[in-house]
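2 protein chains.
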Amino acid sequence: MPAVDFRAEDFLGRIQAVVGERYVVTDASEIDHFATDHRGRYHGTALAIVRPGSTAEVSGVVKLCAEHGVAVTPQGGNTGLCGGATPLTNRPSILMRLDRLNRVREVSPIDDTITVEAGCVLADIQAAAAGVDRLFPLSLGAEGSCQIGGNISTNAGGIAVLRYGAMRSLVLGLEVVLADGSVFNGLRRLRKDNAGYDLKQLFIGAEGTLGIVTAAALKLSPAIKSRTVAMVQMASVEDALTLFERTRKTFGERISSFEIIGSSYMDFVLKYVANTSMPFEQKADWYVLIEAGEANTGADLAGAMEELLGPALEGGLVSDAIIAGSLAQEEALWRLRHGVTGEFKVAGKTMSHDTSVPVSCQPEFTQAVEKGVLEAYPDANVMMVGHIGDGNIHVVVLFPHERFADAAAFDAAADEIDAIIDDIAIGLGGSITAEHGVGTSYRKRMARTKDPFELALMRRVKAALDPDGLMNPEKIFLPTAH
Amino acid sequence: MPAVDFRAEDFLGRIQAVVGERYVVTDASEIDHFATDHRGRYHGTALAIVRPGSTAEVSGVVKLCAEHGVAVTPQGGNTGLCGGATPLTNRPSILMRLDRLNRVREVSPIDDTITVEAGCVLADIQAAAAGVDRLFPLSLGAEGSCQIGGNISTNAGGIAVLRYGAMRSLVLGLEVVLADGSVFNGLRRLRKDNAGYDLKQLFIGAEGTLGIVTAAALKLSPAIKSRTVAMVQMASVEDALTLFERTRKTFGERISSFEIIGSSYMDFVLKYVANTSMPFEQKADWYVLIEAGEANTGADLAGAMEELLGPALEGGLVSDAIIAGSLAQEEALWRLRHGVTGEFKVAGKTMSHDTSVPVSCQPEFTQAVEKGVLEAYPDANVMMVGHIGDGNIHVVVLFPHERFADAAAFDAAADEIDAIIDDIAIGLGGSITAEHGVGTSYRKRMARTKDPFELALMRRVKAALDPDGLMNPEKIFLPTAH
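Protein chains in written order, with the numbering used here: chain A, 1 to 482; chain B, 483 to 964.
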């Protein structure tokens, strides 16, 4: 809680002394811009936008915030899908943008490591890795503008998790500014380190609620020199899993993506997304996109793909298949899969989900979701797309713009559909948020579906690291009465 | 602290009512046996050995311990190298053996998961995975007797970390009994789950100080169908790293091991370890053992290995090379590398280290260690062996049995040599315990070398989860005055 004698102007003056006057922005329209989330669903506010230029400055700002009882919402590229980087508290707060911490501190190809500051844009890190003939494998729709600090704080997923794991698997070390402004310097570049608790794990996926990630030492992988991309069509999710099993036998860990697209999602993409066309003569219920790659230039991966898909075609497991013969064809196939948030807004009102279940439960999950949602809303367009190799299906339920009388009616329907999908996921041992995190959007649903003991344990961790609740307040957990 | 009216017999009677009389062992010689660590360096004691048969029984026992103020030291196969599973506290305590929790609860090849109880022996889990044509990749010297709960609690490493990561990377979900006896049920089998803090990470590598792992959902990998094993000899650690770089280009993620053996370690093995013989005509300063494997039966990995090593031989990077032509030859090469703890005891007095540094720093590390130790102790036999692909070198310093007048003189020398090696490691951004953990042995060295702020943060986590300090007391941290 703020001190009784809190005066914003005194406080901001002290902040200016730390970061410089020009990096404390109090212009209302600029605050409004950055205090609105990527999807435009949340509109927050803050005393100021503060843009520190170094870890020491982050520390200095957070120390002042702790002293004055001011909350801090850290923000990277503001591309998150759950309102996790939007300042939505009624307490005095600042919005801390990390974009000026954008140095690549070190790249070491021998160590397969890169050490970067939190504000580095993901695509720039990918490029820095490629510059030393390495791969930084995290890849997702927003890679051109999202920042690595946000990727770490949300344990970002994307299209190569199957092979390389999510963000957590790529972090070797972290530097973090804690709630009292002290700096945890865990920026080690070690493959193995069992010297006590692995504290960095606490901050990965914590969405800035336990501290502010300022820098990270990340793992690189061998650059991919040979690649093959294919798309197939098939009748069922079961068949997709059978093909997944065969694909693992053929490619081992070299499968980097195994993605599924349902027919209504494919129809949507073909209708709304520019530069897309149907690669097959016939339609099918499901499409699978497969990518495999390896470090060795000599590998005949396309040949291996043919050996995989030939028998699958002959045996009727897949009804048609296309192996990309050029980079342009690879890109054309990937365009059918990639994120289409903007197009959803044009097409209607959507409710998006990010569910995971054990890989083998996906046939049951997809059937139960379609049945459950259509029983409640027969006019819903239930689209599915996702990372079937990871057990992570995104269900997108689309309605015409005019379907609901007002926002309240839409929200009520969304709550109902959320509950249908969440209950199916939880019943199968799944998660209601596989890769997007909790932020603001998923708090109520998490509170409803999570074991209360597990939630209480999370709050205990939060209290231990941020006793005054100043770090990204009111995210992940619903506010409790004080 | 125990209640003032604590009576061991009343307490143990209540424990018997939970687990059954026969599973509460108070026989002094049996307690003595299990309260002595694997290396025979620590001799502890306990009120009793308690062997619960289920998670509910673990919970019941821990609840009673919390009520009576009795500490709990959990123990798996008792194969740890740091005295982490030895009850060494002066407080009333029990030694909890998890060996009766030894069920494989579920194996799912489609999901690539296996769900096991904490007392399952590692080799049995490997066998269960092989039974469904999968690989559970954790592999280490003690695999025939160590238990998975211990592997998880120590974040075990071993010989395949390069490819598959350490234990932490293999854990999808955990079930843990906390200090008050409550059960954290995080036994999910999901590849992706960002629903709040990833609490299981807290317990991996915490050595039982935050709770007792009772079960785990683990990741499986494709079974290895083609394999190649080679050994080469070379003049320097730099050359080994050059070969490592080329090996990564050739095999990508298919390298499962890249291990180094120094000449004096090789001499030691050839002299003391049964069934070993020198595979080369000449001696060399360093030997590297390489293993690559893949899921595809058709792969010509031996051919790829020849293409890798041929030019290396011609160019003089390696002075000799042997590619195993049979399983027997593969095993013979691996025998030169595997753990030799027993033989050390026969040969003399040893001081063993488990250091990691960034991969590129290993030439500097090995040279500085040899120089530093030999300057202080010119008669020392400084042997080196380790996982060079992970930056993890084990330095073993050997002296003749009669070298030190008494245990105190040995301990003083060990402290001095520890400090020499630790300072070099820390100076290079390394860790003084890469894969063995802290337990009892490394506490003093960790307290000396670790950032006090980081240590304090670890204690804060400990206090949040185990406020009364009943979980494996006096491990990881040196006791503080109360």
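These are calculated hints, taken from the structure and not from any lab test.
Just so it is clear, the structure is predicted and the values come from calculations on it, not from any experiment.
Ideal Cβ positions, reconstructed from N, Cα and C, are used throughout, including at glycine.
Possibly wrong hints are sitting among the right ones.
Here are a few chain A residues that face chain B, going by a calculated C-beta distance under 7 Å [what the hints assert, rightly or not]:
id, residue
1, Leu-190
2, Asp-198
3, Ala-295
4, Asp-415
5, Glu-474
6, Ile-476
A quick look at each hint next to the structure:
1. Leu-190: holds, 5 Å
2. Asp-198: holds, 6 Å
3. Ala-295: holds, 4 Å
4. Asp-415: violated, 18 Å
5. Glu-474: Constraint on Glu-474 of chain A not satisfied, violated at 14 Å.
6. Ile-476: Holds, about 6 Å.
Comparing the model with each numbered hint stated earlier shows that hints 4 and 5 do not hold.
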